[in-house]
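Enquirer: Here are the chains, one letter per residue:
Number of protein chains: 4
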Amino acid sequence: MRIRIIITGGTFDKDYDALRGELTFKESHLPHILKKVRCTVPIELEFNQLIDSLDMRKVNRKRILGSCINAGEERIIITHGTDTMIATARLLGKAQLEKTIILTGAMVPYSVSGSDAVFNLGCSVIAVQLLPAGVYIAMNGRIFPWDDVVKNIEKGLFEYRSA
Amino acid sequence: MRIRIIITGGTFDKDYDALRGELTFKESHLPHILKKVRCTVPIELEFNQLIDSLDMRKVNRKRILGSCINAGEERIIITHGTDTMIATARLLGKAQLEKTIILTGAMVPYSVSGSDAVFNLGCSVIAVQLLPAGVYIAMNGRIFPWDDVVKNIEKGLFEYRSA
Amino acid sequence: MRIRIIITGGTFDKDYDALRGELTFKESHLPHILKKVRCTVPIELEFNQLIDSLDMRKVNRKRILGSCINAGEERIIITHGTDTMIATARLLGKAQLEKTIILTGAMVPYSVSGSDAVFNLGCSVIAVQLLPAGVYIAMNGRIFPWDDVVKNIEKGLFEYRSA
Amino acid sequence: MRIRIIITGGTFDKDYDALRGELTFKESHLPHILKKVRCTVPIELEFNQLIDSLDMRKVNRKRILGSCINAGEERIIITHGTDTMIATARLLGKAQLEKTIILTGAMVPYSVSGSDAVFNLGCSVIAVQLLPAGVYIAMNGRIFPWDDVVKNIEKGLFEYRSA
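Protein chains in written order, with our numbering: chain A, 12 to 174; chain B, 12 to 174; chain C, 12 to 174; chain D, 12 to 174.
Some clues are possibly wrong.
Put simply, identical chains are the same to the list, so a pair is met inside one copy or across any two.
[Unchecked claim] Only pairs whose alpha carbons sit at most 30 Å apart, straight line, appear in this in silico DSS-like list of lysine-lysine: (1) Lys37 / Lys69; (2) Lys105 / Lys46; (3) Lys69 / Lys110; (4) Lys37 / Lys105; (5) Lys73 / Lys105; (6) Lys47 / Lys37; (7) Lys105 / Lys162; (8) Lys37 / Lys166; (9) Lys46 / Lys69; (10) Lys105 / Lys166; (11) Lys69 / Lys47; (12) Lys162 / Lys37; (13) Lys73 / Lys37; (14) Lys47 / Lys105; (15) Lys110 / Lys73; (16) Lys46 / Lys110; (17) Lys105 / Lys69.
Hints were generated in silico from the structure; no laboratory data involved.
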């Protein structure tokens, strides 16, 4: 059971640029993290894009959808910025692929003290193995179906829309 | 769906004692970690014991079994040293409780650079919500049934016994 | 020999704001750091201001000068943003106080992986004890007199102007 | 002004061995640390030995003395375990070399959360540049002459013997 992880950037992978004094993208931390956490599940990493999800346009989301369609794997994790994660989940959900797709991300970058990135990745690695085909968001230790989730901007948390 | 986390120590929670120059136990990192990773699932923490699993005697394992039996929650995570995690899982598995029980731990302490602790906790938090009643080990990004797992001592990894 | 540390913010003390997705100021890390590094030199912490040094106006620098003049201690460390650290050092240097004053900061925040903050603090704690009265910058493992230093913006390093 | 750093191990450089479940030595963190902290002082690293200072015999200390004598640099930092750091300092002090020699170490390994290693290195890098010829210990933000220092075992701190 091979898992594909499609990397798109987001807060998860942001790094501090010491010269510009701001958070930006250098390269993904996923290869380093997967080794560190001793994950032995076969994983195929796909470096799809490295952008802030606020900068995601239709073309960016379609590139993600295309990768999901073309993937040989039936189990896919997508690392994604949290600001528009739900929009991408909706596009993927409506495509009704016969695959299990988990979107995840982080509220604090992996490179910053106090990050939730590695926890969210752990949640996603198990969710993608156990859940039936469908599109889900894994954040805050919970699994949200793509059509039953909202981001609470004030609290920085994902919640069930139906709750 | 409230989750109980039964803390028993193990490498997961070991801390460096600067005066003695060795790894020992001070207090559990679980309260801090759960807050940091923004987990919103209701969780009841139980401070059961803080010991190295090589020091676990029958009485220690029975205290864990007792906690599982008496817990009001039907979903339980146990943090445990990896050396005898399988022995405790076997005791719990044979008790055939109608609860979902996940044992997890770490090969590198949370307090040490390069730890797998937070990833394993993420794996467990999702596994305990998605799996049916039974006893499982969550390590290396995988879920092992209690009666189909061995620890590969040379590699420091858990593997399926049937593999 | 008591040391006063005047905290003014800068990259040294920046924290990630998960809700706004940017680096900002919460509170200084100095109290935590000094305890962690087991520093036993008597230190008086002064929370002067918490700002980005690009936002420093004349009034902000004068507040620092005032603190230096009024301080009971003859040995003073100032944590400061690197962008205008030299401007503040010049103001203090021209005041010709009979005190040893070290300005330091960081190119990467203490809260971010790969920070130089704690190293620079260590440099400053020794420099302030060993140097005669005067105003100096401690960065990159070097001591620069206030009137012989430039910041190399391209490299993110401090250099001797006379070099 | 080139500095030689003679690496001898000690708590500073200890790493966690996940298979044996204990702290041991892999390789020195100094090359990584010096790059991270943006130190621009020319530094020559010498990998002298990697041992616990409790295991240091006369032959080990003589190897350090030999390196100090043979070094082309007049400014030398020695990373060393704290348990017998004073014994090595005494051997070097009595040799009365015309060089500035700073011994330093850590109470908590660099690889462990809450380490004092990088702070102590910062202290040493400045001390070695500013102090006259002699042998000193840099710990706890202080500089101790080799013949006026004791280690307070109960507190895990270095103190002046004359105090």
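Enquirer: Treating 30 Å as the Cα threshold, decide for Lys46 and Lys110: within, between, both or neither.
Expert: within (25 Å within a copy, 32 Å between copies)
Enquirer: Within a copy, between copies, both or neither: where do Lys73 and Lys105 come within 30 Å Cα-Cα?
Expert: So Lys73 and Lys105 pass the 30 Å test inside one copy only (12 Å; across, 50 Å).
Enquirer: Tell me, please, which holds for Lys105 and Lys69 at an alpha-carbon limit of 30 Å: within, between, both or neither?
Expert: For Lys105 and Lys69, only the intra-copy Cα distance (15 Å) is at most 30 Å; the inter-copy one is 53 Å.
Enquirer: Pop the pair Lys69 and Lys110 into one bin, within, between, both or neither, using alpha-carbon distances up to 30 Å.
Expert: Cα proximity of Lys69 and Lys110: one copy only (22 Å, versus 45 Å across).
Enquirer: How would you label the pair Lys47, Lys37 (within, between, both, or neither) given a Cα cut-off of 30 Å?
Expert: Classified as both: same-chain Cα gap 19 Å, cross-chain 16 Å, threshold 30 Å.
Enquirer: With identical chains treated as interchangeable, where does the CA-CA distance between Lys37 and Lys69 reach 30 Å or less: within a copy, between copies, both, or neither?
Expert: within (23 Å within a copy, 36 Å between copies)
Enquirer: Evaluate Lys37 and Lys166 at a C-alpha cut-off of 30 Å and name the case that applies: within, between, both or neither.
Expert: both (28 Å within a copy, 17 Å between copies)
Enquirer: Tell me, please, which holds for Lys105 and Lys166 at an alpha-carbon limit of 30 Å: within, between, both or neither?
Expert: Answer is within; shortest intra-copy Cα gap is 28 Å, inter-copy 43 Å.
Enquirer: Is it within a copy, between copies, both, or neither that the alpha carbon of Lys110 lies no farther than 30 Å from that of Lys73?
Expert: within (17 Å within a copy, 42 Å between copies)
Enquirer: I want to check one pair: Lys37 and Lys105. Are their C-alpha atoms no more than 30 Å apart within a copy, between two copies, both, or neither?
Expert: The answer is neither: 32 Å in one copy and 42 Å across copies each exceed 30 Å.
Enquirer: Should Lys46 paired with Lys69 be assigned to within, between, both, or neither, using CA atoms and 30 Å as the limit?
Expert: neither (33 Å within a copy, 35 Å between copies)
Enquirer: One pair to classify: Lys162 and Lys37, alpha carbons no more than 30 Å apart. Within, between, both, or neither?
Expert: both (27 Å within a copy, 24 Å between copies)
Taken one by one, the earlier hints fail for this structure at numbers 2, 4, 9, 11, 14, listed in ascending order.
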